[in-house]
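**Q** Sequence:
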Amino acid sequence: MKQAVLGLPMHHAGRCAFLLLSAALGGCSDEAATPAGPPEIFENPPELAPNAAGVHELRLAPSEVKIGGKRYCLRTYNGSIPGPTIRVPAGADRKVRVNLHNDFKRSDYRLVAGAANTSAVTCHDFNLTNLHAHGTHVQPNYATPAAGDPCEGSGCGPDARYHADDVLHEVPPGEMAQYRWDLDEDGPHHEGFNWYHPHIHGSTAIQVTNGAAGALVIEGDLDEVPGIAKAKERIMVLGGVPINVESTRPLADGEACSEDTLSANDFEGAENDTKPTLVSGKLLPHIKTSPNQVERLRIVHAGTPNELGMKLHPSDDPTCESFDVLHPIEITQIARDGITLPQFYVSDTMWVSPGYRIEALVKMPAEKTTLCLVGRRPSDLLGSLVAIFDVDAENGAPTETNMPEASAVAALAPPTTFMGKVDGQMVQASCESVDKIHQKIALLVPTPGEKPDPEKPAELGSCDPGDHMHGIDPDAPTCFCPAPNISCRRFDDRRAWGYRSDRVMEVGTTEKWEIRAFDGHPFHIHINPYLVCANDSNKEPNFPHWRDTFWVQAEDGPRQILTNFRKFTGQFVLHCHKLNHEDMGMMELVEICPEGDTNCLCQGTDANGNCISQGGCKAEDLQCQFAKAATEAYPLPPAPNPALCGP
1 MKQAVLGLPM HHAGRCAFLL LSAALGGCSD EAATPAGPPE IFENPPELAP
51 NAAGVHELRL APSEVKIGGK RYCLRTYNGS IPGPTIRVPA GADRKVRVNL
101 HNDFKRSDYR LVAGAANTSA VTCHDFNLTN LHAHGTHVQP NYATPAAGDP
151 CEGSGCGPDA RYHADDVLHE VPPGEMAQYR WDLDEDGPHH EGFNWYHPHI
201 HGSTAIQVTN GAAGALVIEG DLDEVPGIAK AKERIMVLGG VPINVESTRP
251 LADGEACSED TLSANDFEGA ENDTKPTLVS GKLLPHIKTS PNQVERLRIV
301 HAGTPNELGM KLHPSDDPTC ESFDVLHPIE ITQIARDGIT LPQFYVSDTM
351 WVSPGYRIEA LVKMPAEKTT LCLVGRRPSD LLGSLVAIFD VDAENGAPTE
401 TNMPEASAVA ALAPPTTFMG KVDGQMVQAS CESVDKIHQK IALLVPTPGE
451 KPDPEKPAEL GSCDPGDHMH GIDPDAPTCF CPAPNISCRR FDDRRAWGYR
501 SDRVMEVGTT EKWEIRAFDG HPFHIHINPY LVCANDSNKE PNFPHWRDTF
551 WVQAEDGPRQ ILTNFRKFTG QFVLHCHKLN HEDMGMMELV EICPEGDTNC
601 LCQGTDANGN CISQGGCKAE DLQCQFAKAA TEAYPLPPAP NPALCGP
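Residue numbers for the sequence shown follow the UniProt record's numbering, beginning at 1 and rising by one.
Be a bit skeptical, because a hint or two may be false.
Claimed, not checked - When the alpha-carbon atoms are kept at most 27 Å apart in a straight line, the in silico DSSO-like pairs for lysine-lysine are as follows:
id, residue 1, residue 2
1, 618, 440
2, 288, 66
3, 232, 628
4, 70, 288
5, 282, 368
6, 436, 232
7, 539, 618
8, 66, 230
9, 567, 440
10, 440, 628
11, 436, 628
12, 421, 436
13, 618, 628
14, 440, 421
15, 288, 368
16, 232, 368
17, 70, 105
18, 230, 282
19, 70, 282
20, 232, 288
21, 368, 421
Claimed, not checked - Here are the simulated distance ranges between beta carbons:
id, residue 1, residue 2, range
22, 497, 91, 43 to 49 Å
23, 381, 103, 37 to 43 Å
24, 423, 221, 33 to 39 Å
25, 319, 402, 27 to 33 Å
Since the hints were derived computationally from the structure, they do not count as laboratory data. Yeah, the Cβ is synthetic: ideal placement off N, Cα and C, and Gly gets one too.
Take the sequences, apply the hints, and build the full model.
**A** This is the structure we're talking about:
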């Protein structure tokens, strides 16, 4: 039976009807989602070739880009959105050199705060930057010294070392940093689809939503599997430039792009969840393909804050004005987060949350047709058009018409059972064999009766950092979870208290963690991927598989993961990958310590000489003590504690 949407049959609802209802629900507007002029043709982003010295040169600068027929001035890498793809060929002992140049000339301090008036108002330099190799298993701080390859000149770390995946480093305007990612230091790095982007706390969301992000492709055996090797590769970097937000201003006729004319320079744009989805910098691009062609879709959600449920629908016309909602095309996922899956995950929906990568295979229909890639999100439940596949023999002969064998792909997936040190003992670790929950993490613990912050400014504009020192608030209530938070704590608050780290473990250890969330959040951890245990998700593969970013929501209850902190010591972070949430404090500083290093593991000892963990609480930090109790009890309220919270 046909269902009606705005008087139209549901299974042949047009794009305009979808957009009209979406607008009523707070979704994309027709104007924001419709490009001017002829349709844009999809192209993979250009690839960044290393220079004569083997170095990839990245420059962050204001650049003019055209979106939907309008000119915008945005923060970009090398003048385009997305940034160029860095492709690493298969091999051994691969060392990827990247020089990051911050070509901005001055700082630009802007306010950061939550749209719901529940977060503290902070002030951050939107022109301060750095670089994160998202999805790589490499040294977290500085690259290991290599004979004959010292870091020389400006932008080096201490002792002539390169920066590695060092998200704690800061690159001010006018300066640069030299990075080296030693991919195979801990054995052959897993092949897969990853990405790079800035990771400065407080400024990450604005820079990434401007388009400062690019694909990082690490090649390996998977790329040689029959059915994959000759498939048509599509590098699809999903961006969210806030072109439909009032504070985003296109360039006027004749106006030049500069630091003074940036189009998207307000945190409101990063917060907005109705931004149209750009596909590798283009609005509603057409993807030219052939009948029976096997398409290899390599998708990264490089935007924030909304998640997308993406489907391919057969169209009734060449422009997807009307499409068949009830019969989406089947999609075969072969990898998630740059890691090969141990079995095919076949579904008609690709669920992507900020930070996600999906590698999927789709065999095009045998006849000339049009397919509509549609994305649905909480503020746009019926969906908006993202891209159009034009299937036509005139586009050339297919390069591959056969799908790969499932067994050939599964043979390249990392095992879900491995030798790990659990509670001091080497065991064959798996989701089933490790029963103990070692740590609990809650993504946003709510405080009952929490009220909006009445002092939040009406507009988020420029600010004086001297007025926002991110210090300890002596008037803050003890029994209160600041929003947003991880485990009832904010990143800035922990830094103000002088904690070295928020969570510490010994290198080589394996633990089972329980992750919960209030509403929904993508949980991401740097450096070491984790094993997601079997679950009952209707959005994700529900068998054990390796990830670095995973959606957790209240309705699903707790999720269990198995960590494995291999090889590398140092500091990195875990956080919600809705980058506006991370900028507002939804992040923790993680440290992997050398075995038995009490200076690293302990902030001191108690009266009995026992280690007080760096992740624990100082005696005078009562809010931290409440946070521990609140996290342990969540989703229930913590037991009454008159000593902390009064009667």
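**Q** All hints are to be evaluated individually against the structure, with a verdict given for each.
**A** Status of the hints after comparison with the structure:
no.	hint	result
1	618 with 440	20 Å, holds
2	288 with 66	21 Å, holds
3	232 with 628	50 Å, violated
4	70 with 288	24 Å, holds
5	282 with 368	24 Å, holds
6	436 with 232	45 Å, violated
7	539 with 618	40 Å, violated
8	66 with 230	32 Å, violated
9	567 with 440	24 Å, holds
10	440 with 628	10 Å, holds
11	436 with 628	19 Å, holds
12	421 with 436	13 Å, holds
13	618 with 628	12 Å, holds
14	440 with 421	19 Å, holds
15	288 with 368	11 Å, holds
16	232 with 368	17 Å, holds
17	70 with 105	26 Å, holds
18	230 with 282	25 Å, holds
19	70 with 282	12 Å, holds
20	232 with 288	11 Å, holds
21	368 with 421	56 Å, violated
22	497 with 91: 43 to 49 Å	45 Å, holds
23	381 with 103: 37 to 43 Å	41 Å, holds
24	423 with 221: 33 to 39 Å	35 Å, holds
25	319 with 402: 27 to 33 Å	31 Å, holds
Checked against the numbered hints given earlier, this structure breaks hints 3, 6, 7, 8 and 21; the rest are met.
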